[in-house]
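S.K.: Here the protein sequences come in this chain order: A and B.
Its first residue numbered 1, the first sequence is counted upward by one per residue in this note's numbering.
Its first residue numbered 1, the second sequence is counted upward by one per residue in this note's numbering.
A few of these clues could be false.
Said to hold, decoys possible - Straight-line Cα separation of at most 27 Å, DSS-like style, residue types lysine-lysine; simulated pairs: (1) A:39 <-> B:155; (2) A:5 <-> B:155; (3) A:66 <-> A:5; (4) A:39 <-> A:5.
Quick caveat, the hints were computed from the structure, so don't treat them as lab data.
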Amino acid sequence: MGRRKIAIFGGSGFMGYDLARRLHEGDDYEPVVYSTSPKSLVNLARHPIEIRLVRYPDLDHALLDKDVHAVVNFAHPFGNRDALSVSRQVEILSDFIARNLERHRDLRAIHVSSMSVYEPFAGGREFSESARLRAPRSDRYARSKCDFEARLASQPEFAARLLVLRPTVVYGPFCRPWTDALLAGFGAGDVEYRDLGGRIQPLLVTDVSRFVEARLADFAPGVFNLAGPQALPWHEFLNFFGNVVGRGRLVERARGQETSSGGHPLRTLAEIARLTLGQSRVKELLRPVAAHLPARWVETLKYRLKDNLGVLARSVTPGASPPGPYCDAFFAHDRLVSTRNTTARFPDFEATPLEGSREWLGRYHRFRFRDEVLT
Amino acid sequence: MDFHLPRLLAVLSAARVTIVETDDLRRSELARRFGRDRRIDLAEQLDADGTFDLAVIATPPRFHADYFHALSRRARAVVIEKPLAIDAAKAEGIRDAICAGGPEVFVCLVRRGLAAFGLLREFWRSGHFGALESVEFHEGRVYAWEATSLGSFSKDLNGGGVLMDTGPHALDQLLQFFDEVELEHAWMDGDPGGIEANATLALRADGVPVTMQLSRNRNLSNTATFEFEAARCRVGLGDDHFRVEPSKGAAFDVHGREGAGPSPDFADLFDRFYVERVLSADASGVGVDSSLTALRLIEAAYGACVPMQGGF
Numbered sequence: 001m002g003r004r005k006i007a008i009f010g011g012s013g014f015m016g017y018d019l020a021r022r023l024h025e026g027d028d029y030e031p032v033v034y035s036t037s038p039k040s041l042v043n044l045a046r047h048p049i050e051i052r053l054v055r056y057p058d059l060d061h062a063l064l065d066k067d068v069h070a071v072v073n074f075a076h077p078f079g080n081r082d083a084l085s086v087s088r089q090v091e092i093l094s095d096f097i098a099r100n101l102e103r104h105r106d107l108r109a110i111h112v113s114s115m116s117v118y119e120p121f122a123g124g125r126e127f128s129e130s131a132r133l134r135a136p137r138s139d140r141y142a143r144s145k146c147d148f149e150a151r152l153a154s155q156p157e158f159a160a161r162l163l164v165l166r167p168t169v170v171y172g173p174f175c176r177p178w179t180d181a182l183l184a185g186f187g188a189g190d191v192e193y194r195d196l197g198g199r200i201q202p203l204l205v206t207d208v209s210r211f212v213e214a215r216l217a218d219f220a221p222g223v224f225n226l227a228g229p230q231a232l233p234w235h236e237f238l239n240f241f242g243n244v245v246g247r248g249r250l251v252e253r254a255r256g257q258e259t260s261s262g263g264h265p266l267r268t269l270a271e272i273a274r275l276t277l278g279q280s281r282v283k284e285l286l287r288p289v290a291a292h293l294p295a296r297w298v299e300t301l302k303y304r305l306k307d308n309l310g311v312l313a314r315s316v317t318p319g320a321s322p323p324g325p326y327c328d329a330f331f332a333h334d335r336l337v338s339t340r341n342t343t344a345r346f347p348d349f350e351a352t353p354l355e356g357s358r359e360w361l362g363r364y365h366r367f368r369f370r371d372e373v374l375t
Numbered sequence: 001m002d003f004h005l006p007r008l009l010a011v012l013s014a015a016r017v018t019i020v021e022t023d024d025l026r027r028s029e030l031a032r033r034f035g036r037d038r039r040i041d042l043a044e045q046l047d048a049d050g051t052f053d054l055a056v057i058a059t060p061p062r063f064h065a066d067y068f069h070a071l072s073r074r075a076r077a078v079v080i081e082k083p084l085a086i087d088a089a090k091a092e093g094i095r096d097a098i099c100a101g102g103p104e105v106f107v108c109l110v111r112r113g114l115a116a117f118g119l120l121r122e123f124w125r126s127g128h129f130g131a132l133e134s135v136e137f138h139e140g141r142v143y144a145w146e147a148t149s150l151g152s153f154s155k156d157l158n159g160g161g162v163l164m165d166t167g168p169h170a171l172d173q174l175l176q177f178f179d180e181v182e183l184e185h186a187w188m189d190g191d192p193g194g195i196e197a198n199a200t201l202a203l204r205a206d207g208v209p210v211t212m213q214l215s216r217n218r219n220l221s222n223t224a225t226f227e228f229e230a231a232r233c234r235v236g237l238g239d240d241h242f243r244v245e246p247s248k249g250a251a252f253d254v255h256g257r258e259g260a261g262p263s264p265d266f267a268d269l270f271d272r273f274y275v276e277r278v279l280s281a282d283a284s285g286v287g288v289d290s291s292l293t294a295l296r297l298i299e300a301a302y303g304a305c306v307p308m309q310g311g312f
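Produce the complete structure using the sequences and hints provided.
M.R.: Written out as structure tokens, the structure reads:
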């Protein structure tokens, strides 16, 4: 049997790229990447992988090739594009998947969603796949993720050919918020924080790709959480990246203590997040935090962040005294999912512990941020 | 479009600009943005008639030569985006047409507006820092250009990856400093059939070994470091000044333009290009010859490259 064709959406992102490259380098599958924008194709273009530029308006009536074995979707709209709102783009993309599932009776679909669908998280609770999804209206990112899943689930006739994956915090090469931003942050020096006690289950990007590739051969419909093997406090996760870089420390700042000046400059955790917060996706992740703070606090923090860090936006509340850092709530609370269902169904799947990626990420750090001459 | 059009209107005071855009969706977007400006016409194709004071060719490199030849008898001057053409043979065709009475050509080598390399060359030639022992040149940014087509990622349209993209600028900066540059070795990433995101060139320039790294997915220092007998000089690739670290004594900066200020950004460099070259009808340094030299080096690199190890 020849290589089976796999259509990948979101193949220019770091997760989609990792899968596309894995499939291309293997013997069994031929990836075809559908991209709605020519912007982020630098990595993909290094390989003789077919890239089809398909704008959202064209997706509205497009069909996959008849010989596509499966469609894997990593794409999620983050902002207006082609004069279309995020919600309209979600409609178009989900309808595209549904239309092709209807047209091609052998087609399988793997939709990579996100643990964000469980917002708002609650401390000490591990959210299972059956949890009711109640993302608050203010959390537009989580809401759009839920909407996407809901639209796919609204047609039960496709349920036997649809796999929805909900990965946790995914990190690895070319991941901007949870790898590049952290490496760059520590590369610049010490990082202050107030509370990094919330726990996560970080998941290495290659584990996502391995899991998806395995499902292409052994398809399992349904919804599955995909988490790293360890529940770690943010402190440990960030410290790991500091150790990879080999400079910069996490420095705890007591409440009421202003950022110190003079000598070697200390930066708040929001400085690290400045790179992270610049990513619209992460802005969306942090919106639920704002929903739980008094509006005056939020406005003051926005002003402080914009003024000091060039981050975020719009309104200004001069004269108000700021409360604790904006990022307190996000990093202080647990964001955990249950892996019981996934482990029971896929007992042989083992995700990589954080320490297992150290050498690889060390190499990546030198590649991405140093002038090391490559020959 | 975002760089050329504002300068055509503001710097050159163009009374009429015809934008030729063959893609329907992009033409619609341009109509949305510029449809109300009476100075701007939108066309699906280049008309066979009409003459122009200036033509700007900002298509993918594959089309540079064809559009040049279509316009060479109809435009008094032509601005061509770098690289001059998709390969040296096509670039030579452009050069030959110019020699046969064609228009003045300005290749959009905006870094010619930076003073640092030329100034450092004067210091070197005057023997200020002793013999030059080696040069390292590192240029790399994670690609975030708002590309409107697959052109930058298509070998057919662009001729290659990072070496065709930033290589013309980088090699031109070296050619501002050195008289002769030869390729010794080249390494590139990417599979056969793909286009490179990283290229390393080992060059010899006026007898001096030069290592040049170019990247579209690495955050490199974007500096060139010149190791002299008596000093190390570091130039930011977008700066008008360079830093001198003498083997004895304190470090200091040398500024190449009056009124030292922040480093110019890309828009500033475009302003300089249009004001100091196009408006002044001064194509020195941005004419065809230096572009052709750089293109020949680029072609040699593609022909000689071996797979790069250790990338991601």
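S.K.: Work down the list of hints and note, for each, if the structure agrees.
M.R.: Cross-check of the supplied hints:
1. A:39 <-> B:155: With a Cα-Cα distance of about 16 Å, the restraint between residue 39 of chain A and residue 155 of chain B holds, given a limit of 27 Å.
2. A:5 <-> B:155: Satisfied, since the Cα-Cα distance of roughly 23 Å is no more than 27 Å.
3. A:66 <-> A:5: Holds: residue 66 of chain A and residue 5 of chain A sit about 10 Å apart, inside 27 Å.
4. A:39 <-> A:5: 24 Å, holds
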